[in-house]
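Engineer: Sequence:
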Amino acid sequence: MQTIDALLQRRSAKALTAPAPDEGALELILASAAAAPDHGRLRPWRFIVIQGDSLRRFGDLLADHLQRQHPSSTQETLQRERQKAFRAPMVLVVAAVCTPGGKIPVIEQVLAAGAAAQNVMLAASALGFNSMWKTGGPAYDDQVKVALGLEAPDAIVGFMYLGTEASKPEAAQRPSWRDRVWHW
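Note that my numbering numbers the sequence shown so that position 24 is 25, with each residue one more than the last.
No lab work stands behind these hints: they were computed from the structure.
Please note that a few of the clues may not be correct.
Stated by the list, open to error - Distance condition first, Cα-Cα at most 27 Å in a straight line; then the derived DSS-like pairs of lysine-lysine:
1) K15 with K85
2) K146 with K135
3) K146 with K104
4) K169 with K15
5) K169 with K135
6) K85 with K146
7) K85 with K169
8) K15 with K135
9) K85 with K135
Required output: the full structure, derived from the provided sequences and hints.
Structural biologist: Here you go:
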């Protein structure tokens, strides 16, 4: 696949199923992520792979977050939250472990991790898989970060759901970029 084709054809999956990337494919995806632009060569990105039995624990973590935020949540609602962990056979948490107060602003460190997340999506697609990039409240919750082995000041830039497209992909409908460009 040509690079420009990968960029123009990339789209988020609607539903993912097994198989997930195997060890070799995951290594290529992570190597691609680590090739993201990184001002200052701080390499702030961290990757947490969640699959197999760990998906259940991740689902419990999501439900726990919802319960803390909304104590009146029903068991049915909490179960739906748990099931989000199973949107795909693999979840790759992409985070930025930032160094504040240095030469490189924190926002640039977070953007570097965001570029790594984009590379995850492109690499997965190039290898015949697809992905969904999710965040939501759990991505910004200090207890969730700590449970995943991060520290509270770190930034989760995405929960990248990885797997095989469950149905034939539809062509991506994209709005025109033309009304988003100004010449100065």
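Engineer: Is the hinted pair K169 and K15 satisfied, with a Cα-Cα distance of at most 27 Å?
Structural biologist: holds, 10 Å
Engineer: Quick one, are K146 and K135 close enough, alpha carbons at most 27 Å?
Structural biologist: Satisfied, since the Cα-Cα distance of roughly 15 Å is no more than 27 Å.
Engineer: For a C-alpha distance cap of 27 Å, please report whether K15 and K135 respect it.
Structural biologist: holds, 12 Å
Engineer: Holds or violated: K146 with K104, Cα cutoff 27 Å?
Structural biologist: This hinted pair holds, its Cα atoms lying about 25 Å apart.
Engineer: Between the alpha carbons of K15 and K85, is the straight-line distance 27 Å or under?
Structural biologist: Judged against 27 Å, a Cα distance of about 13 Å means the pair holds.
Engineer: Tell me if the straight-line CA distance from K85 to K169 falls inside 27 Å.
Structural biologist: holds, 22 Å
Engineer: Do the alpha carbons of K85 and K135 lie within 27 Å of each other, as the hint requires?
Structural biologist: The hint holds at about 10 Å.
Engineer: If you draw a straight line from the CA of K169 to the CA of K135, is it 27 Å or shorter?
Structural biologist: Given pair K169, K135 holds - Cα atoms ~21 Å apart, limit 27 Å.
Engineer: For a C-alpha distance cap of 27 Å, please report whether K85 and K146 respect it.
Structural biologist: holds, 17 Å
Hint compliance for this structure: no hint is broken.
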